[in-house]
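**Student:** Chain by chain, the residues run as shown.
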Amino acid sequence: MKAIRYLIGLSFILVITVLIYIQLQPKPAEERILGGNLGGDFTLNSIDGPVSLSDFHGQPVVLYIGYTYCPDICPMALAVLGQALRNMPEEQSEQVQGLFISVDPERDTLEHLASYAAFFSPQIIGLTGDKADIDEVVQQYGAFYRRVEMRDSAMEYAIDHSSRLYLIDREGDLAGMVSHSTSPDDLMRHLQELLN
Amino acid sequence: MRKILLASTLMFSTLSFAHDAITIDEPFARAVPPGQPNSAAFMTLQNSSDETLRILSASSNVSEVTELHTHTEVDGVMQMRQIDAIEIPAGGTTELKPGGLHVMLIGLTQPLAEGDTVEVTLNFEDGSERLLDVPVQHVMPMNHQHQH
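If you read the protein sequences in the order shown, they are chains A and B.
Throughout the first sequence, residue numbering follows numbering that gives the first Met the number 0, covering 0 to 195 in sequence.
Throughout the second sequence, residue numbering follows numbering that gives the first Met the number 0, covering 0 to 147 in sequence.
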């Protein structure tokens, strides 16, 4: 009889432990959006001076966080955005603003970011800032990056980073996010929803 | 009979070089904006031989340094790393594609615009090499690679 009581007590503790463990797990960014915890205004530098998200109040914004030395994923994400904008009727696309934030201010000068962003679309602005400002935006959007030394490589270092296109509505609130491997047409449809 | 087979296999394997057993499909290098110091080349490699073949290094006429790299996604985080070799399994295929293995062109000596062609040389483990003419294209997602 005692043994059964022990067992019941033990399994009760086990269930509580598991529940606490689940509660403590960091939630994926997708879930945190629904709670309204992600996103928000920020100010960073462009070649033409400081740019804030709130400068584009009334317009949908697509935000991507990466770096220009990125061999494939960042250019792919920006190429998808550029193509989505070109696929849309002009009266729609001209309302959308693209923002590319570099987390590699050491190599990505404002001049370089300007030509890099414009290469994918004239509607994308390249932004960066000092580390503290970048870190704040990265945290706000549930993104991630870290510098990794590459000892034997001429690259010297790479930057591990999360890769998402953040969709921001006319009010400046984060409405969703999509992968760099999304199709331009899918992204276009998402943008058209934000325009409606 | 067995001896003849063995002998001919041996002879054949000593005579065949990696560059003969490898078929390369759809190579392309990524078009980059002016002033961009690096790019990457991608392709599909097919190995028709019965042994694993390895690319140990590469070079190009448009970059100061050329390295073998991979890009992997770990828990939603993209991680680029230099690697020692790109393996093509016996009778198998290895894809170099955006978001994966690539030949990294570092220190570009000229802008890479769509429509240009660049040279990439792959150096195999057995000492053989393969020179490729690689067209420059815009990178798009995997399923839209050849749409423009």
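These are computed hints drawn from the structure, not numbers from a lab.
Each hint should be verified, as a subset may be incorrect.
What the hints assert, rightly or not - Subject to a maximum C-alpha distance of 20 Å in a straight line, what follows is the list of computed SDA-like cross-link-like pairs (lysine to any residue): (1) B:Lys96 with B:Ala112; (2) B:Lys96 with A:Lys130; (3) A:Lys130 with A:Asp151; (4) B:Lys96 with A:Arg145.
As the list claims (entries may be wrong) - Stretches of chain B that chain A covers, calculated by requiring three or more beta carbons in the stretch to come under 8 Å of a beta carbon on chain A: (5) 30 to 40; (6) 75 to 82; (7) 122 to 136.
Glycine included, C-beta positions come from ideal geometry on N, C-alpha and C.
**Student:** Does the structure keep Lys96 of chain B and Arg145 of chain A at a Cα separation of 20 Å or less?
**Tutor:** Not satisfied, since the Cα-Cα distance of roughly 23 Å exceeds 20 Å.
**Student:** Given the hinted pair Lys96 of chain B and Ala112 of chain B, is their alpha-carbon gap at most 20 Å?
**Tutor:** With a Cα-Cα distance of about 19 Å, the restraint between Lys96 of chain B and Ala112 of chain B holds, given a limit of 20 Å.
**Student:** Count the residues of the stretch 75 to 82 of chain B with a beta-carbon closer than 8 Å to any beta-carbon of chain A: does the count reach three?
**Tutor:** holds (count 7)
**Student:** Are there at least three residues in the stretch 30 to 40 of chain B whose beta carbon sits under 8 Å from a beta carbon of chain A?
**Tutor:** holds (count 9)
**Student:** With the threshold set at 20 Å, check whether the alpha-carbon distance from Lys96 of chain B to Lys130 of chain A stays at or below it.
**Tutor:** Not OK: Lys96 of chain B and Lys130 of chain A at ~31 Å, beyond 20 Å, violated.
**Student:** Checking C-beta pairs, does the stretch 122 to 136 of chain B have three or more residues closer than 8 Å to chain A?
**Tutor:** violated (count 0)
**Student:** Keeping to a limit of 20 Å between CA atoms, is the pair of Lys130 of chain A and Asp151 of chain A held or broken?
**Tutor:** violated (26 Å)
Violated hints, in rising order: 2, 3, 4, 7; the structure is consistent with all others.
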